[in-house]
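Enquirer: With these hints in hand, go ahead and build the complete structure from the sequences.
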Amino acid sequence: MNNKKSRKIIVYLMLFAMLASTLLIGIAQFLS
Numbered sequence: 001m002n003n004k005k006s007r008k009i010i011v012y013l014m015l016f017a018m019l020a021s022t023l024l025i026g027i028a029q030f031l032s
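The sequence shown begins at 1 in UniProt numbering and counts up one residue at a time.
Simulated restraints, written as ranges between beta carbons of each label pair:
no., residue 1, residue 2, range
1, Ser32, Asn3, 41 to 51 Å
2, Gln29, Ile9, 29 to 39 Å
3, Ser32, Asn2, 36 to 46 Å
Don't read these hints as lab results, they were simulated from the structure. This structure is a prediction, so every number in the text was calculated from the model and none was measured. All residues carry an ideal CB built from backbone N, CA and C; glycine is no exception.
Expert: Structure follows, in structure tokens:
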């Protein structure tokens, strides 16, 4: 049970990192 919960948290962190990186790239291209 605990292992499945931590795995879900890792998946959410990976998705959040992908969104944040694409957002940062978009902002950098918009500013330049």
